[in-house]
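Student: Take a look at the letters that make up each chain.
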Amino acid sequence: MTMRRRSFLKLAGLGLAGASTVPVAQALVRGARTEAGPDALKGKRWAMVIDEKKCLTRGGCDVCVQACHRAHNVPAMANPRHEVKWLWKEQFGHVFPDRVTPYTPAVMKERPTLVLCNHCDNPPCVRVCPTQSTWKRADGLVMMDMHRCIGCRYCVVACPYGSRSFNFEDPRPGLRGEPTDYPTRTKGVVEKCTFCAERLAVGQRPLCVEACEGIGCGALTFGDLGDPASPVSALLRENDVARRKPELGTSPHVFYLL
Amino acid sequence: MHDAGKIVLGLGVFGVLVTAPVWYGIGRGKGEPPELQRPATAKQCIEPTAFMRARHMELLNEWRDAVVRDADRVYVASDGQHHEMSLTGTCLRCHEDPEKFCIRCHAYAGVEAFCWDCHQKKRTMAVSARRERGAP
Numbered sequence: 001m002t003m004r005r006r007s008f009l010k011l012a013g014l015g016l017a018g019a020s021t022v023p024v025a026q027a028l029v030r031g032a033r034t035e036a037g038p039d040a041l042k043g044k045r046w047a048m049v050i051d052e053k054k055c056l057t058r059g060g061c062d063v064c065v066q067a068c069h070r071a072h073n074v075p076a077m078a079n080p081r082h083e084v085k086w087l088w089k090e091q092f093g094h095v096f097p098d099r100v101t102p103y104t105p106a107v108m109k110e111r112p113t114l115v116l117c118n119h120c121d122n123p124p125c126v127r128v129c130p131t132q133s134t135w136k137r138a139d140g141l142v143m144m145d146m147h148r149c150i151g152c153r154y155c156v157v158a159c160p161y162g163s164r165s166f167n168f169e170d171p172r173p174g175l176r177g178e179p180t181d182y183p184t185r186t187k188g189v190v191e192k193c194t195f196c197a198e199r200l201a202v203g204q205r206p207l208c209v210e211a212c213e214g215i216g217c218g219a220l221t222f223g224d225l226g227d228p229a230s231p232v233s234a235l236l237r238e239n240d241v242a243r244r245k246p247e248l249g250t251s252p253h254v255f256y257l258l
Numbered sequence: 001m002h003d004a005g006k007i008v009l010g011l012g013v014f015g016v017l018v019t020a021p022v023w024y025g026i027g028r029g030k031g032e033p034p035e036l037q038r039p040a041t042a043k044q045c046i047e048p049t050a051f052m053r054a055r056h057m058e059l060l061n062e063w064r065d066a067v068v069r070d071a072d073r074v075y076v077a078s079d080g081q082h083h084e085m086s087l088t089g090t091c092l093r094c095h096e097d098p099e100k101f102c103i104r105c106h107a108y109a110g111v112e113a114f115c116w117d118c119h120q121k122k123r124t125m126a127v128s129a130r131r132e133r134g135a136p
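Just so you know, the sequences run in chain order U and Y. Take the first sequence: its position 126, counting from 1, is numbered 126 in the numbering used here, and each next residue is one higher. Take the second sequence: its position 94, counting from 1, is numbered 94 in the numbering used here, and each next residue is one higher.
Pulled out of the complex, with its shape left as it was, chain Y reads as follows:
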C-alpha cells in the first residue's frame, strides 16, 4: 500500500474537521437553559405544558391558518375552554414580555422566529379594553 501515511493523516484531519462542532461544544461546557419569565398569575397554559413546550409551533401554525384562511377566531381547547386565537391578544396576556420568554428561549435553541417582525410585542391598552368586550 503506497502513501498509507498520507491517507491515514488525511482521514484523521477530515475526521477532526467533521466532528469539530462536537469538540467545540464539549470544550465550551454545558450551556445552562435560560431563565424564562413565568406568568404571574396563570398556572396552566391553554393546553398541557408538555404539549405546549414540544408543539407550540404547530399549534400556532394551526391558529394562523384558521384565523387567516377560515375566519375562525375561537380555539376550543381539549379541556373545553374557549380562547381567542391571537398571538398578541391571548399568548401575551400571560407571557407579558416575549423578550423574556419566547425570544430568550429561541435564542438559546438557535431557532429564529420572525413572528414579531409583524405581530405586536405589547398589547395596547385601548385594544385590550376592547378585547375584554370580545373585539379583536
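Okay, chain U solo, but in the shape it has when bound:
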C-alpha cells in the first residue's frame, strides 16, 4: 500500500492532536495529589518595610537576627571568611553609600542598619543560576532549592547586595545550640533569606517580623503589596521610602523608612 503525502500529513496531524490530550504529568499513585495547606498565606507581591528610626531606638538590638539564625539553623563559623548569614546589621554608609557625604558624621555613617535578601523584582542571582536552583516565585519570593544548588557561586557574585552566603565547610559543627527541625545546609551550597517561605506556607509571617513585634518594637512590617489595605501598602503610600541601589534596576522589595 502506498501513501500519498497529503494523507500522511493528515494522519500525522490527527496523531499529534490525539497525543496532546494525554495528560502530561500524572500523580505517582492514582487518586493521590498535593495541595497547599489550609492556612497558607497567599499574596500577589510580598514585601518588607524596615523602619530604621524605630530599629535604632533599641541600639544594638538583634532579636530578629538571633531568632532567624536560630530557627533556620544558620551556623556561627569560627573563620570570619566562611561566615553564613541571612539577616544582619551593616553600617549605614555601606548599605546606602549614596546617602552619605564627606560631611556626614561618623555616628550617622556607622549606624547599624538591618539588611537581608531584597527579593528583587528583577533578581540578577536568578538570571545567572545555571541550574535554576534559585528562582523567583509568582508572589515575588526569591527562593533557593538546596537540592539543586551545585555551588558555582555565580549568584553570590551577581547579587549587588551581598545577600548570599556560601557554605565553605560543613555547617553542622557550627550550629548555635540544638538544631530545630529546619534542614541544615551542606558544604558547597549557597543560602540566604527566603522571607520564611516555610512559615508563609502554614499561615505565619516571617520570624524576624514576629520577633521584632514580640519585644514591642515593630520596626519590621511584612505584607502583600497587591493588597492596598495591607500595612506595607499603607506605609509605602504615606512615606518617603528608600531602596538599596535602585539605579541597578533590580527593583528591591525591602523598603527602608530612613
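Just so you know, the hints here were simulated from the structure itself, not pulled from any lab data. Among these hints, one or two may not hold up.
As the list claims (entries may be wrong) - Examples of chain U residues lying across from chain Y (beta carbon under 7 angstroms, computed):
| no. | residue |
| --- | --- |
| 1 | L28 |
| 2 | V29 |
| 3 | A32 |
| 4 | E35 |
| 5 | P130 |
| 6 | D145 |
| 7 | D181 |
| 8 | T184 |
The structure presented is a predicted model; accordingly, all values stated were derived computationally and were not measured. Beta carbons are placed, not taken as given, at the ideal position from N, Cα and C, and that holds for glycine.
Mind docking chain Y on chain U? Use the hints.
Tutor: Just chain Y now, kept in the frame of chain U:
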C-alpha cells in the same frame, strides 16, 4: 590457527575477571536482609507497603518538588488521608530512628542516600509540639 592456546587462555582469564563479582558473591554466601525497626504503633504507611517499598524514592522526590517549588505542603494520599509532606516531620513520626530503618536498608542495598546530610534525623520536641498545631 596460530597461537590458539594463548588466545583460549586469554579468553579464559578475561571471562573469569569479568565474572569475578559473581563468583565473589557466590563464595560469600547469601546475605541476609537487615533487621529493620518497625513502627511501634502505626500499622500502615501513607501508601500501600508494596508501593512504598518499591517507589518511596519517587514519592519523596515528588514531595521535595511540591514543597520547595510549588509551596504545597499537604499530600492527599490515595486513601484520601492528608499528610504533611515532611521527611523529618512525617516519616520520622513512625520510623523514629532512620539509622535503624532507612540507613540500615540503604547500606544493605549499597545505595547512598544523602537526605540526612541536611535533614534532621530527630524531631525536636519544641517543633513537634508546634507541628501538632499545624506549623512546619
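Student: Taking each numbered hint in turn, which are not upheld by the structure, reported in ascending numerical order?
Tutor: 5
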